[in-house]
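**Student:** Sequence:
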Amino acid sequence: MMPAFHLRTLALAGALALLPVATASNAWAQQADAQAPIQQQMSADEFKAAGLDKLDAGELAELNRWLGRKISAETTAAATAAAAAAKKKVEDDNRGFLSFGSTEPVTGRMTSEFRGFGKGRRYTLDNGQVWEQVDDATLVGARNPNPNVTIKPSLVGNTWYMTVEGYNKNAKVKRIE
1 MMPAFHLRTL ALAGALALLP VATASNAWAQ QADAQAPIQQ QMSADEFKAA GLDKLDAGEL
61 AELNRWLGRK ISAETTAAAT AAAAAAKKKV EDDNRGFLSF GSTEPVTGRM TSEFRGFGKG
121 RRYTLDNGQV WEQVDDATLV GARNPNPNVT IKPSLVGNTW YMTVEGYNKN AKVKRIE
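Going by my numbering, the letters in the sequence shown line up with residues 1 to 177, in that order.
By construction, these hints were calculated from the structure, which means they are not laboratory data. The beta carbon of each residue, even a glycine, is placed where N, CA and C say it ideally should be. Incorrect hints may have been included.
As the list claims (entries may be wrong) - Listed below are the simulated SDA-like cross-link pairs for lysine to any residue, each with C-alpha atoms no more than 25 Å apart in a straight line:
{"#": "1", "residue 1": "K48", "residue 2": "A78"}
{"#": "2", "residue 1": "K87", "residue 2": "G68"}
{"#": "3", "residue 1": "K169", "residue 2": "K70"}
{"#": "4", "residue 1": "K87", "residue 2": "G118"}
{"#": "5", "residue 1": "K169", "residue 2": "K87"}
As the list claims (entries may be wrong) - Label pairs and their calculated CB-CB ranges:
{"#": "6", "residue 1": "L63", "residue 2": "A84", "range": "30 to 38 Å"}
{"#": "7", "residue 1": "S43", "residue 2": "G68", "range": "29 to 37 Å"}
{"#": "8", "residue 1": "T138", "residue 2": "S112", "range": "43 to 51 Å"}
{"#": "9", "residue 1": "K89", "residue 2": "N168", "range": "45 to 53 Å"}
{"#": "10", "residue 1": "R121", "residue 2": "L155", "range": "47 to 55 Å"}
{"#": "11", "residue 1": "R109", "residue 2": "A81", "range": "28 to 36 Å"}
{"#": "12", "residue 1": "I71", "residue 2": "A44", "range": "37 to 45 Å"}
{"#": "13", "residue 1": "I176", "residue 2": "T80", "range": "50 to 58 Å"}
{"#": "14", "residue 1": "T80", "residue 2": "N127", "range": "56 to 64 Å"}
{"#": "15", "residue 1": "T80", "residue 2": "R109", "range": "28 to 36 Å"}
{"#": "16", "residue 1": "N144", "residue 2": "E104", "range": "23 to 31 Å"}
{"#": "17", "residue 1": "E46", "residue 2": "A73", "range": "19 to 27 Å"}
{"#": "18", "residue 1": "E59", "residue 2": "K89", "range": "25 to 33 Å"}
{"#": "19", "residue 1": "G68", "residue 2": "D93", "range": "35 to 43 Å"}
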């Protein structure tokens, strides 16, 4: 049986893989609707009120081509931005799980008092992440209510190190939630 966070990570990765397809097909449908000639998108009164009834057939065709290019470019830009934002969110939400997600440092505040390092201790951050210490680093006598922490990845492998505000020591941790 896979731990819940592994299943969630796989589900999010699958959803992320499908997102550009869903976004692109939705954008294509919107683009197809918007590329109907302007005279079909407006009521006769709106068309006349905008002065478009004064255009000859060539001018109206040129206006429709321009609108089509503009709508196509805007739709593509919006779909690209939405896909990039969704990808970043999935990566940020999954930092620290396996080798998936962003390798940007995690910063936050502990939700409880820091009482030093010790193998097996769990540290819950205000962003909901839970990290567990996996090495033998110790820090005896430390007391700090809700300190700021920084958790940075190592240069090699999927190893993360946590430092706590006010202390010049770090501990190897792994994300468990």
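**Student:** Against each hint, give a clear statement of whether it holds in the structure.
**Tutor:** Tested hints:
1. K48 / A78: Distance ~31 Å between K48 and A78 Cα, so the pair is violated.
2. K87 / G68: violated (28 Å)
3. K169 / K70: Answer violated: K169 to K70 is near 56 Å, above 25 Å.
4. K87 / G118: The hint is violated at about 35 Å.
5. K169 / K87: violated (33 Å)
6. L63 / A84: 30 to 38 Å: Once the Cβ atoms are compared, 32 Å apart, the range 30 to 38 Å for A84 and L63 holds.
7. S43 / G68: 29 to 37 Å: Hint violated: Cβ distance 20 Å, outside 29 to 37 Å.
8. T138 / S112: 43 to 51 Å: Between T138 and S112, where Cβ atoms are some 19 Å apart, the hint is violated.
9. K89 / N168: 45 to 53 Å: violated (34 Å)
10. R121 / L155: 47 to 55 Å: violated (25 Å)
11. R109 / A81: 28 to 36 Å: holds (31 Å)
12. I71 / A44: 37 to 45 Å: violated (22 Å)
13. I176 / T80: 50 to 58 Å: violated (34 Å)
14. T80 / N127: 56 to 64 Å: With Cβ atoms ~27 Å apart, the hint is violated.
15. T80 / R109: 28 to 36 Å: Given a distance of about 34 Å, which is inside 28 to 36 Å, the answer is holds.
16. N144 / E104: 23 to 31 Å: Since N144 and E104 have Cβ atoms about 24 Å apart, the given range 23 to 31 Å holds.
17. E46 / A73: 19 to 27 Å: holds (24 Å)
18. E59 / K89: 25 to 33 Å: With Cβ atoms ~45 Å apart, the hint is violated.
19. G68 / D93: 35 to 43 Å: holds (38 Å)
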